[in-house]
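Using the sequences and the accompanying hints, generate a full structural model.
With the first letter of the sequence shown counted as 1, position 241 gets the number 241 in the numbering used here; the numbers rise by one all the way through.
A portion of the hints provided could be inaccurate.
Computed beta-carbon distance windows for the label pairs [as the list claims (entries may be wrong)]:
| id | residue 1 | residue 2 | range |
| --- | --- | --- | --- |
| 1 | LYS176 | GLU11 | 20 to 26 Å |
| 2 | LYS45 | SER128 | 17 to 23 Å |
| 3 | LYS160 | ILE187 | 28 to 34 Å |
| 4 | ILE202 | LYS239 | 33 to 39 Å |
| 5 | HIS47 | GLU11 | 51 to 57 Å |
| 6 | LEU64 | GLN235 | 41 to 47 Å |
If you're looking for bench data, these hints aren't it; they were derived computationally from the structure. Every residue, glycine too, gets a C-beta built ideally from N, C-alpha and C.
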Amino acid sequence: MQNGNLLIVTEAYKSYLIEYKKVSKATASAYKTDMNKFVRFLDAKYHIELFSDINISIIMSYLLFMKSDGQKISSINRSVSVIKNLLLFAFHEGFIEENLSETKFEIPKEEKKLPEILTVEEIDILLSQPNNSTLGLRDRAMLETLYTSGLKVNELINLKLEDVNLKLKVIKCHSKQQTRILPLGSIALNAVESYIKEARPILDTSECDYLFLSYNGHQISRQGFWKLVKKYSEQAGIKKNISTSTFRHSFATHMIQNGIEKDVLRQTLGNSSVASVQVYLDLNRRRTRN
Numbered sequence: 001m002q003n004g005n006l007l008i009v010t011e012a013y014k015s016y017l018i019e020y021k022k023v024s025k026a027t028a029s030a031y032k033t034d035m036n037k038f039v040r041f042l043d044a045k046y047h048i049e050l051f052s053d054i055n056i057s058i059i060m061s062y063l064l065f066m067k068s069d070g071q072k073i074s075s076i077n078r079s080v081s082v083i084k085n086l087l088l089f090a091f092h093e094g095f096i097e098e099n100l101s102e103t104k105f106e107i108p109k110e111e112k113k114l115p116e117i118l119t120v121e122e123i124d125i126l127l128s129q130p131n132n133s134t135l136g137l138r139d140r141a142m143l144e145t146l147y148t149s150g151l152k153v154n155e156l157i158n159l160k161l162e163d164v165n166l167k168l169k170v171i172k173c174h175s176k177q178q179t180r181i182l183p184l185g186s187i188a189l190n191a192v193e194s195y196i197k198e199a200r201p202i203l204d205t206s207e208c209d210y211l212f213l214s215y216n217g218h219q220i221s222r223q224g225f226w227k228l229v230k231k232y233s234e235q236a237g238i239k240k241n242i243s244t245s246t247f248r249h250s251f252a253t254h255m256i257q258n259g260i261e262k263d264v265l266r267q268t269l270g271n272s273s274v275a276s277v278q279v280y281l282d283l284n285r286r287r288t289r290n
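In C-alpha cells:
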C-alpha cells in the first residue's frame, strides 16, 4: 500500500479528473475546493496527513461538522459525492486497503419541529370571538366547521353550498383522491345553519356556488381566511404561533386524546395511510412527557 500524503493524493485526483475523466477545469476546481475543506478539517481536528489514517467515523464526523455549521443539505450531499469519488480513487491507486466509497453515509435528520397545538380551552376562547354581524356569523361558521371536521383550509374554502346537508348534519368534502362525508357537531351545525339562513343571502350578490363568501360575494380566499384567523387569535389573547393548519393539528391531537382509532382518524383527515397520522400519536406522547 502506498503511503499517500493527503495533499498529494487530492492533487493527483484533480489531475486524473482533467486528464482521464475529461471534466472541465471549473468542475475540477470545484472538486478541489471540497477536497481542500475536507483535508483542512482532517488536519485541524485529527492531525491526519495520510490517507491510510482515514476511517468511516472520521468521515461521518466531518459531515456532522458541516451540518452543525449550518451548511445546506445540497452542499453536504455534494461533499459526500466528492469524498466518495476521492476514496474510490485512493483505493484503486493503493492509498487505502478498504474501499470506503461503498459505505452509505447518512446524516441524521433533525427532529421535526412539533406543530403548534391549541388546547381545548384555547379553541373555545378563539371560537367565541366572532360577533353576530354578517361577517361574524360567516367567520364563526368557518372556524367551527374547520375545527369540528379536521378539514384543510383549501378544502374548507372550496366547499360548495350543495355540499352541506343540514338535515343529515354532514358536509361533503371533495379532494383530489376522494370524497369524504364528515359529520358536523351540534355547535358547528348551528353556526353553519345561522350563516346560511341569515348572513349568506346578504353576501351572495353574484349567485356564487361556494359556501363561504367574501364581503363582495365571491369565494373567500386562503389569504382572507388567514387574516381572520390572525385577527381572532389576537383578540383571544393567544400568543402561540398559529397558522391555518393549527386547527387541523389541534383537531387530530384532541381526537387522539379522546381515544379515536388511528384508521378512523386517517379516514376523517383524508390521509392515504395510517402512518401519516403517526405524527399526532407521537405529538401526544411527547407533549405528555413534557
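Notebook entry, point to check: Among all the numbered hints in the text so far, which are the ones the structure does not match?
Noted result: 1, 2, 3 and 5
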